[in-house]
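Residue numbers (this note's numbering), protein chains in the order written: chain A, 1 to 226; chain B, 227 to 525.
Hints listed in this document are in silico derivations from the structure and should not be mistaken for laboratory results.
Careful: at least some of the hints might be erroneous.
Unchecked claim - DSSO-like cross-link-like pairs, simulated, lysine-lysine; straight-line CA separation at most 27 Å:
id, chain 1, residue 1, chain 2, residue 2
1, B, K385, B, K373
2, B, K373, A, K94
3, A, K205, A, K221
4, A, K73, B, K373
5, A, K6, A, K94
6, B, K378, A, K68
7, B, K330, B, K308
8, B, K429, A, K71
9, A, K73, B, K429
10, A, K89, B, K243
11, A, K221, A, K202
12, B, K521, A, K70
13, A, K214, A, K36
14, B, K429, A, K68
15, B, K378, B, K308
16, B, K271, B, K303
17, B, K308, A, K80
18, B, K521, A, K71
19, B, K429, A, K94
20, B, K243, B, K303
21, A, K70, B, K429
22, A, K94, B, K243
23, A, K89, B, K373
24, A, K89, B, K429
25, B, K291, B, K243
26, B, K291, B, K385
27, B, K521, A, K80
Unchecked claim - Far from chain B by the CB rule (all over 10 Å, computed), these chain A residues:
id, residue
28, S37
29, T55
30, K202
As the list claims (entries may be wrong) - Stretch by stretch, here's where chain A covers chain B in the computed footprint (C-beta under 8 Å, at least three residues):
id, stretch
31, 240-248
32, 428-436
33, 440-453
We put the beta carbon where it would ideally sit given N, CA and C, even for glycine.
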Amino acid sequence: MIRFQKISKIYSPNIVALDDVSFEIQPKEFVSLVGKSGAGKTTLLELLLAEEEPTQGRIFFDNQDIHKIKKSKLPFLRRKIGAVFQDYKLLRFKTAYENVAYALEAIGATDEEIRRDVSEVLEIVGLSERFRNFPVELSGGEKQRIAIARALVHRPEVILADEPTGNLDPYHTAGIMRLLLGINELGTTIILATHNKEVINKLGKRVITLEDGKIIRDEEKGRFIL
Amino acid sequence: MFTSLERIIRSGWITFKRQAGFTVATIFIMAITISLITSLFLFQKITKFSISLLQDKVDVSVYFKDTSLEQDILEIKEQIAKIPEVKSVEYVSNEEAKKRLLEKYPELTESLRETQGMLNLASLNIKAGQADQYTAIANFLENAPFKNLIQKTDYYQRKPVIERIFSITFAINRTGVVLSLILAIIAFLVAFNQVRLAISSSKEEIFIQRLVGASNWFIRGPFLIQGVISGFFAALVTLLIFIPLVYFLSPKMEVFFPGLNLFGYFIGNFFLIFLIQILTGIGVGVISSIIAIRKYLKV
């Protein structure tokens with residue numbers, strides 16, 4: 001489904017974010033990318049979202065080289081991917097409902113589909129009651145659940161979660177991880193980038209460990225070892 | 227297509243309402259820009275008025291021999307009026323000329339009475355549109371079939387003054403155009419900068435919208451709508467400021483420029499002025515948004 005083939009990303013001769021990285025992710029997999037800050041986790045996700053271009057190598061999504069996609073066609077790639085970030089990245093001037101609905105409006109869903117799917121997904125993340133609230137009126141955990149709802153609502157093939165629990169307390173962290181596992185069980189591929197040891201060790205899923213831009217370990221049912 | 231358009235318009239309007247701080251600031255800055263453009267429009271009227279006031283003072287007089295008959299002079303007037311360079315020809319009869327002379331110099335009353343029946347002061351006052359056209363008119367008069375009826379023309383005597391007045395009015399006109407262009411560019415840049423600031427504060431939002439797969443038009447659209455709405459409200463605000471302002475300033479302007487009714491001009495051109503204001507507001511809003519947002523849509 002997703003294939004990184006000999007990927008290098010060099011920002012300047014002194015800053016090598018990724019160095020000859022290759023791996024594959026199968027449909028419905030739950031893969032965690034771990035490593036210290038600056039190991040290259042976020043760069044990998046940015047490359048997959050075509051926010052950045054690799055210096056060398058190719059990335060395939062459903063057998064399509066994503067960096068050969070025309071800029072005007074990039075939105076279609078991004079609609080297959082849901083993204084969740086540590087800082088939530090919610091639209092400030094939209095309510096919780098409108099934030100989730102935006103992902104559907106952007107792909108041209110009908111008003112009826114939007115009403116139905118947004119209500120359903122808000123139910124899944126447990127925030128049906130907060131749909132009228134603006135991001136500034138929500139707690140960190142609630143914001144992250146809205147972000148997940150938005151990433152999920154258009155039924156993407158894969159969800160990228162970049163440090164989704166980075167700003168949350170252990171209680172909310174557990175809630176978010178349960179949510180991501182539940183989404184994965186429903187058939188969505190999850191790629192989780194984190195340096196939260198406890199989260200990784202509890203998951204018991206595939207773990208790819210990065211260090212200085214290189215893969216040093218790739219284990220099924222891996223653990224956080226650095 | 228229509229659903230997307232409707233969503234873009236709704237999103238633009240909602241964001242316009244919810245971003246109250248930026249909205250008010252943008253409308254305020256745009257109102258300054260539109261005020262400047264409206265002032266330039268009125269300034270151009272004042273310039274044209276003062277130029278025509280000055281140029282109206284310029285003419286060439288043709289004096290006729292004492293023996294010339296009024297009928298002949300009126301025929302000559304007809305012929306002169308047909309010259310393309312001539313803007314207007316005024317016939318001043320002998321009696322009218324004497325009356326004007328006495329109004330100006332009452333002490334000449336006795337001298338004029340003595341010359342009763344002998345002195346013909348009838349003349350034709352000719353006005354042209356441009357200074358160089360007077361030479362063509364003078365040449366025509368020198369070679370005209372009726373030249374033996376002409377006593378004299380005061381063209382060569384008045385030539386330096388005429389040329390000076392026309393060069394002054396030309397300079398006023400050119401300075402007005404250049405100043406207007408410079409001020410219009412400054413006004414646009416000020417408004418553009420405000421819109422650019424407003425959009426750059428939404429940089430993060432644009433990034434998020436791209437990530438969820440929104441097309442460039444779906445992202446750009448609401449910003450353009452906000453530009454249109456801001457421009458419209460700014461034009462409205464400017465109009466509401468200008469109506470009383472011109473009303474109170476108009477009598478004061480008339481002191482400096484007798485005959486200039488600025489408020490009458492404003493009301494007479496109300497719809498044109500409002501159209502200019504709306505087009506300026508919306509144009510500045512939309513063009514600034516398009517330019518400012520390009521940077522954030524590149525990836």
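Status of each hint after checking the structure:
1. Pair hint K385(B) plus K373(B) holds up; C-alpha atoms about 20 Å apart against a cutoff of 27 Å.
2. The suggested pairing of K373(B) with K94(A) is violated, with an alpha-carbon distance near 86 Å, which exceeds 27 Å.
3. The suggested pairing of K205(A) with K221(A) holds, with an alpha-carbon distance near 4 Å, which does not exceed 27 Å.
4. A C-alpha spacing of about 83 Å is found between K73(A) and K373(B), which places the hinted pair above 27 Å, so the restraint is violated.
5. Restraint check: the Cα-Cα separation between K6(A) and K94(A) comes to about 40 Å, which exceeds 27 Å; the hinted pair is violated.
6. For the proposed pair K378(B) and K68(A), the alpha carbon gap of about 87 Å is over 27 Å, so the pair is violated.
7. The straight-line distance between the Cα atoms of K330(B) and K308(B) is roughly 32 Å, outside the 27 Å bound, and the hint therefore fails.
8. As the CA atoms of K429(B) and K71(A) are separated by approximately 19 Å, the hinted pair is consistent with the 27 Å bound.
9. Distance hint between K73(A) and K429(B) is fulfilled; the C-alpha atoms sit about 21 Å from each other, no more than 27 Å.
10. For the hint pairing K89(A) with K243(B), the CA-to-CA distance comes to about 21 Å; that is within 27 Å, so the pair holds.
11. A distance of roughly 10 Å separates the Cα atoms of K221(A) and K202(A); the hinted pair therefore holds under the 27 Å criterion.
12. For the given pair, K521(B) sits about 18 Å from K70(A) by alpha-carbon distance, which is consistent with the 27 Å threshold.
13. A threshold of 27 Å between alpha carbons decides the hint, and for K214(A) with K36(A) the separation of about 12 Å falls inside it, so the pair holds.
14. At most 27 Å may separate the alpha-carbon atoms for a hinted pair to count; K429(B) and K68(A) meet this at roughly 26 Å.
15. About 21 Å separates the Cα atoms of K378(B) and K308(B), which keeps this hinted pair within 27 Å; it holds.
16. Proximity of K271(B) to K303(B) is assessed by CA-CA distance (about 32 Å); at most 27 Å being required, the pair is judged violated.
17. For the proposed pair K308(B) and K80(A), the alpha carbon gap of about 79 Å is over 27 Å, so the pair is violated.
18. The suggested pairing of K521(B) with K71(A) holds, with an alpha-carbon distance near 14 Å, which does not exceed 27 Å.
19. At roughly 15 Å between alpha-carbon atoms, K429(B) and K94(A) fall within 27 Å of each other, so this suggested pair holds.
20. With a C-alpha separation of about 68 Å, the suggested pairing of K243(B) with K303(B) is violated against the 27 Å cut-off.
21. Distance check on the hinted pair: K70(A) and K429(B) sit about 22 Å apart at the alpha-carbon level, within 27 Å; holds.
22. Restraint check for K94(A) and K243(B): satisfied, since their Cα atoms lie roughly 11 Å apart, inside the 27 Å limit.
23. Note on K89(A) and K373(B): the hinted pairing is violated, with a Cα-Cα distance of about 90 Å set against a maximum of 27 Å.
24. At most 27 Å may separate the alpha-carbon atoms for a hinted pair to count; K89(A) and K429(B) meet this at roughly 11 Å.
25. Proposed proximity of K291(B) and K243(B) is contradicted: the alpha carbons are some 80 Å apart, above 27 Å.
26. Straight-line distance between C-alpha atoms of K291(B) and K385(B) comes to about 22 Å, which keeps the hinted pair within the 27 Å bound.
27. The hinted pair formed by K521(B) and K80(A) meets the criterion: a straight-line CA distance of about 25 Å does not exceed 27 Å.
28. Chain B leaves S37(A) outside its interface by the beta-carbon criterion, the shortest separation being 21 Å against a cut-off of 10 Å.
29. At roughly 16 Å, the least C-beta separation between T55(A) and chain B is larger than 10 Å, which holds for a residue marked as non-interface.
30. For K202(A), the requirement that its beta carbon stay farther than 10 Å from each beta carbon of chain B is met, with the minimum near 28 Å.
31. Chain A is given as covering the stretch 240-248 of chain B, and this holds because 4 residues of the stretch bring a CB closer than 8 Å to a CB of that chain, at least three being needed.
32. With a cut-off of 8 Å between beta carbons, the stretch 428-436 of chain B has 6 residues touching chain A; three or more are needed, and the interface restraint holds.
33. Counting residues of the stretch 440-453 of chain B whose CB lies closer than 8 Å to any CB of chain A gives 4, so the stated coverage by that chain holds, three being the minimum.
In this structure, the hints that do not hold are numbers 2, 4, 5, 6, 7, 16, 17, 20, 23 and 25, in rising order.
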